[in-house]
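So the protein sequences, as listed, match chains F and C. Position one of the first sequence corresponds to residue 1 (my numbering), numbered consecutively onward. Position one of the second sequence corresponds to residue 638 (my numbering), numbered consecutively onward.
Think of the hints as simulated: they come from the structure by calculation, not from any bench. Accuracy of the hints is not assured; some may be wrong.
Unchecked claim - Selected chain C positions facing chain F (Cβ under 8 Å, derived; list incomplete):
hint, residue
1, Thr736
2, Gln743
3, Tyr810
4, Ala981
5, Arg982
6, Asp983
7, Gln985
8, Asn1005
9, Tyr1047
10, Met1086
Values in this document were obtained by computation on a predicted structure and should not be read as measured data. We put the CB at the ideal spot given by N, CA and C, even for glycine.
Protein chains: 2
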Amino acid sequence: MTTTHSASAIGLDTVAELAAQLRVDSVRSSTSAGSGHPTSSMSAADLLAVLMTRHLRYDWDQPGLPVNDHLIFSKGHASPLLYSVYKAAGVVSQEELMTGYRRFGQRLEGHPTPVLPWVDVATGSLGQGLPDGVGVALAGRYLDRLPYRVWVLCGDSELAEGSIWEAFDKASYYQLSNLIAIADVNRLGQRGPTDLGWDLPDYARRMEAFGARVLTVDGHDLDAIDKAMTLAGETAGHQPTVILAKTIKGKGFSEVENKDGWHGKPFPPDMAERAIAELGGIRNNVLRGPKPEPAQPGPVPDKPTTLPVSGGRPTPGKATPRYEVGAKVATRKAYGDALVALGARDAQVVALDGEVSNSTFADEFEQNFPERYFEMFIAEQQLVAAATGLSVRGYRAFASTFAAFFTRAYDFIRMGAISGVDLRLAGSHAGVEIGADGPSQMALEDLAMMRAVHGSTVLYPSDGTSTAALVDAMAETPGISYLRTTRGGFPGLYPAGESFPVGGSKLVRSSDDDQVTLIGAGVTLHEALAAAEILHGEGIAARVIDLYSVKPVDADALVAAADATGGRIVVAEDHHPEGGLGSAVADALLAAGQQNLRLTRLAVSGMPGSGTGDELLAWAGIDASHIAAAARTLVGR
Amino acid sequence: MTTTHSASAIGLDTVAELAAQLRVDSVRSSTSAGSGHPTSSMSAADLLAVLMTRHLRYDWDQPGLPVNDHLIFSKGHASPLLYSVYKAAGVVSQEELMTGYRRFGQRLEGHPTPVLPWVDVATGSLGQGLPDGVGVALAGRYLDRLPYRVWVLCGDSELAEGSIWEAFDKASYYQLSNLIAIADVNRLGQRGPTDLGWDLPDYARRMEAFGARVLTVDGHDLDAIDKAMTLAGETAGHQPTVILAKTIKGKGFSEVENKDGWHGKPFPPDMAERAIAELGGIRNNVLRGPKPEPAQPGPVPDKPTTLPVSGGRPTPGKATPRYEVGAKVATRKAYGDALVALGARDAQVVALDGEVSNSTFADEFEQNFPERYFEMFIAEQQLVAAATGLSVRGYRAFASTFAAFFTRAYDFIRMGAISGVDLRLAGSHAGVEIGADGPSQMALEDLAMMRAVHGSTVLYPSDGTSTAALVDAMAETPGISYLRTTRGGFPGLYPAGESFPVGGSKLVRSSDDDQVTLIGAGVTLHEALAAAEILHGEGIAARVIDLYSVKPVDADALVAAADATGGRIVVAEDHHPEGGLGSAVADALLAAGQQNLRLTRLAVSGMPGSGTGDELLAWAGIDASHIAAAARTLVGR
């Protein structure tokens, strides 16, 4: 049977029918695919049936409508349920559900990704949907200022992830009453019971302590769910809401209800048949819930802030920064300057930082555009997740912290690539150059980490002018882009206005009789230039390349340099030997089929301690003296 | 003045003098170094003065004594305070403190590392010391069964890290009454006030909700601190304790007390002079607190468990597993088998998993050795941190989860290398081979990530026999070792007992007239073998290398193969193109000065969706057919 209901007519008896349909379709789709998570879908079917018919304000024909509510499955493995919802909404056909789920070349992937127009963010790495939802809700409350709500379905297992608590902490700090987490507490994880089981009061205590309003319900009592969602959806007050639902895994099929050993397993066809029978058979109802009302942006709300009492440093101008050739400036300072200028030109630019904005210089943006700055405190996972959620709503989010601490958020960056969002990440204090603080603060793996991300762009400027240009370029760069900045100040190399295309490089020193090519980026470019000067004094002509675009890399320039200097190349990088600048050079030259290469790679091989930047660059063997020595060896001197 | 006190004689008046000394030394050391965090040290000086004189049971002359308490500075930036404590204990001289702090080649690094014998783990990336402490406390309660306590000094800023809440969750689940967190709530972060400020009741609610006993004190009231530490140190009950201390940043120097703008800044010499004067001048007291009583391991306590209700799968034997050549076995299954055999031979071997033990096959270990298995649920940061803490106490901890989800713990892995601990990480479900689950579950960055870790070992077996051998090898491998396993079952290639040294490789197919070398590991080795068979049918002889040791890599074998096959090499990997197997090959050959290379690298360049493993290997261009095609091109066919 197929019936179509309009929103106003949907009573709870119809919702109950829909819940059964969602369960049946979850069973059918996963059995047809031979994999998937039917029982995890069945526990949440009543929650979703009530939500989609009576609370989710969503125009299924216009998924990009700014006033639409958002629905995020943080428990992405419940994709059979999500896709069954899509079928019930009439946007996915029964045929697609039965032949497309988890199949090659199809869009109904094993875990949801935004290849589907109704999916905001990819999920499947647990504990990420709620932090991402915080980002969307931040946009809704402070930037869009639209009355949409962000509904996030969470599993109970993922509540063990620290990122969930980073999300609650920030949601309450930023008073995100437009964020509603629906916690599907079905007691059973993948391999057995969860640590808290059905101890809903314990969950509630934790959530309330983190500032959420908690509405505890029987997750199979449609009336109770409906009342809780009504209350939650009013978005009154200044707290996020959790609908904490006690549910039964496999609910609706007595053979598996509340039984261990059925996580992530489709039912064999005979069991599926019995399940469908017990659930009342196949249905093909199409029901749509309420559409959002048209709305205009509301007034700008007060935003919580802990701006430094002392007021921080003076506000720079909002013009594009200009740096003198030869004048010392730290690239992290140029990042802050450039971000302010960009923010002045483009109202979609927002900035976030992990409580180190006076080191990354994101504080300059905060002081100029406090309404577009979000302090994430020391919570790097939420930092990247918030940027992800802001990107969903079209904002150009720049997130900054020490480069070393982006390692904390690598799973979120990886998932950001799968989500297809644009993330602009700025990592300061790269490498041993930082000196006295020691190895915990030294990013020495970041280039490898970021290069390995799908579709990423990795940039590493050496002076103020190039930094400013690359910050501008990041604003226009799709996907995950990463800017690596340096702690110390180094002399400007380029006049203001010089262009730095992504994928390019700069030949900063050359002659017709160069014998060797020296390649650096960031601090090692300055060392390479000093090395070239040393070599010049010894009668060795060296060309120097600024490889500011680590990915994509300028293969043509590398090939030309190799050809010009007999294949003799020295690359120096303030990074571990694997996966960074040297790898980018080697990969490009080998891919180009370059022959007769004599490539010497200088990198940080040992475990650094404290010291001055100069001492540590020398200790690591990546300073001018070592670069010159490597060049001498290559030219046979 | 210099006086030496014995433990029994140390009254609170003496402790007060010590606290002033610790503050003075924190000021002096950081001013002398020109960097460091005096104000963050001064807020916690009273807490540490009471702790070291009256509660920390520690034999300073025998830091390796098993019964010693442990002291971890989770707020590693308070290193001036820690080193001042060491001076007060008489193990660091005044001269070292004044000339060694943050200097090149010295051991008093900017943030503590275990180059010092009293430091368990490196800290400085916030939110890690407490999770590491959970690992040490797990060892104390369940394995060592000794009465030592683990005292962890936490900053308030780092309480925003989700990993802190993963730690509290596991500490209460595992009833770690031997774990005492001392939270130094000084209200001020690096760039301004923290989000909760001095709202101690709010912190207490959160900690209590997560199962901790909270003792709130004025962090400058020595008597109150002493009473709280007495209570905490009794380790009665089954909860971790938090001493939640309201403190004043910069306490003791009125010019900076509770003032913003003084984070991470040493005082200029004139200010330092005034601070020292206000604090009563320089002191050189040496005081030691109580030593631990000798103790024998206590009875084995009941360990909380959520073993699957259904009992999981049958228990395998404890003998070294033997696999038949040609018989299909998944390397993840062989991991579980081998771990059981290893555990039977070596009582120091323990295992942990992130709630996917029935996928990683760590559940086999749990069923055989439940007393040496720790379920970490879905909290990968705590998973790695617990392994770190267990390693501190000499256990050989193997931690497993899906390879993709180790990205969640990259900061902890990086810090583990700085801590010098031995971590044995096993990541299952690598690459597109997993099929239907889609990209969120596919590790495609893990080899790059793990290769870039200092001193790491990266292993990637292709069959049961090699997996078993490499698991054994990991038990003897120092530093961070990583085993990448595959979801599907593939035919055994090697007879039982074959040896697989770390840094080696296997020439699995060769002839005297090979024209091209095919290199694979894991699933791509099987594809390479199939490709060689295809090519053989076309009259092209191809040799095949199993590069099971990705780092260190067998450079000699690669050079020999390149020489034997005219530089023609095809590498195929189920990983993104950057930083993985292909990079390992390219890096080694270039470093060896290999000339006339014709290297074709096949890797996963696009964004995968769902599908079967075979479909996705073909789509990615890393299956036998694509390897054969690449080889044909290289040999000009």
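Quick rundown of the hints versus the structure:
no.: 1; hint: Thr736; in the structure: violated (13 Å)
no.: 2; hint: Gln743; in the structure: holds (7 Å)
no.: 3; hint: Tyr810; in the structure: holds (5 Å)
no.: 4; hint: Ala981; in the structure: violated (22 Å)
no.: 5; hint: Arg982; in the structure: violated (25 Å)
no.: 6; hint: Asp983; in the structure: violated (24 Å)
no.: 7; hint: Gln985; in the structure: violated (25 Å)
no.: 8; hint: Asn1005; in the structure: violated (16 Å)
no.: 9; hint: Tyr1047; in the structure: holds (4 Å)
no.: 10; hint: Met1086; in the structure: holds (6 Å)
In summary, the numbered hints that this structure violates are 1, 4, 5, 6, 7, 8.
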